[in-house]
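Engineer: Sequence:
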Amino acid sequence: MYLCDYHVHTDNSLDCQTPMIAMCERAVQLGVQEIAFTDHFNNHMLDLDLGFYDPVRYFEDIEFCRYRFPQLKILAAIEIGEPHRWQARIRPILDAYPYDVVLGSLHWVGNENVFNENYFRSRTPQQAYRSYFAELVRMIEHGGFEILAHVDLPKRLGQNYYGAFNTRAYEAELRAVWQACLERGITPEINTKGLRSPSKQLHPTYEALCWYVEMGGEAITVGSDAHHAESIAQDFQVAYACAQAAGVRYLCQYKKRTLSNRLPLGEML
Numbered sequence: 001m002y003l004c005d006y007h008v009h010t011d012n013s014l015d016c017q018t019p020m021i022a023m024c025e026r027a028v029q030l031g032v033q034e035i036a037f038t039d040h041f042n043n044h045m046l047d048l049d050l051g052f053y054d055p056v057r058y059f060e061d062i063e064f065c066r067y068r069f070p071q072l073k074i075l076a077a078i079e080i081g082e083p084h085r086w087q088a089r090i091r092p093i094l095d096a097y098p099y100d101v102v103l104g105s106l107h108w109v110g111n112e113n114v115f116n117e118n119y120f121r122s123r124t125p126q127q128a129y130r131s132y133f134a135e136l137v138r139m140i141e142h143g144g145f146e147i148l149a150h151v152d153l154p155k156r157l158g159q160n161y162y163g164a165f166n167t168r169a170y171e172a173e174l175r176a177v178w179q180a181c182l183e184r185g186i187t188p189e190i191n192t193k194g195l196r197s198p199s200k201q202l203h204p205t206y207e208a209l210c211w212y213v214e215m216g217g218e219a220i221t222v223g224s225d226a227h228h229a230e231s232i233a234q235d236f237q238v239a240y241a242c243a244q245a246a247g248v249r250y251l252c253q254y255k256k257r258t259l260s261n262r263l264p265l266g267e268m269l
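Residue numbers (the UniProt record's numbering): 1 to 269.
By construction, these hints were calculated from the structure, which means they are not laboratory data. Any given hint could turn out to be false.
What the hints assert, rightly or not - Subject to a maximum C-alpha distance of 20 angstroms in a straight line, what follows is the list of computed EDC-like cross-link-like pairs (lysine to aspartate or glutamate):
no., residue 1, residue 2
1, Lys256, Glu267
2, Lys256, Glu63
3, Lys255, Glu63
4, Lys255, Glu34
5, Lys200, Glu117
6, Lys200, Glu230
7, Lys73, Glu214
8, Lys73, Glu230
9, Lys200, Glu183
10, Lys73, Glu34
Use the sequences and the hints to build the structure in full.
Structural biologist: Rendered as structure tokens:
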């Protein structure tokens, strides 16, 4: 199996204490061929890690690990929160450093964080999820990134308040997300961390992937969203099988913020 993990964190993210070298050591042990270190760059004024990300330190780690692990293809990547809202802070970083791929993610709807219980306590399920998807469409339409991270992220915590996430109840909203991705040329990821969260679901679900394919989508990336070394490439066989069953044909590879290759998904298994 070709293991290509496009969503991994290190201690360059506030919420991760694992050094990049330890992540690489584990990746090599697992036989991972390609890894993208997507540390958080968050800019919301209420975010706990506002100002934490240091691109100089990050790229020092990247260069050291590329030298130390020549057998591992290491991508310089970044996960940017709400890229449509903070361009004045984001653009100088992206212009100054040689990233291979940028992930766009949405953690804040207005001034409320979807990892905060108040977001769910003050809303019905329909309000919580529809508000999120509407903001996600706005983010995608703005663009400025290559990969859409964890499309249905709020279900990780929403599970505790509303029960299991019902994909079919939000078909219209998810189709709007996929349409925006297709129009902007943005690739959605399958994020396996959902299987390790209370929701016990991939991001996105099989049903949502089927709609993506029905609408013309052919390609994805896969990421573990690992914050610990033991989570690298976890449940990738499940993700690959789900994607193939839904009709996804390709796994995308990036270099210098450009789609460099599309690997046939059937060859991944």
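Engineer: So which of those numbered hints doesn't the model satisfy?
Structural biologist: The structure conflicts with hints 1, 7, 9, although it agrees with all the remaining ones.
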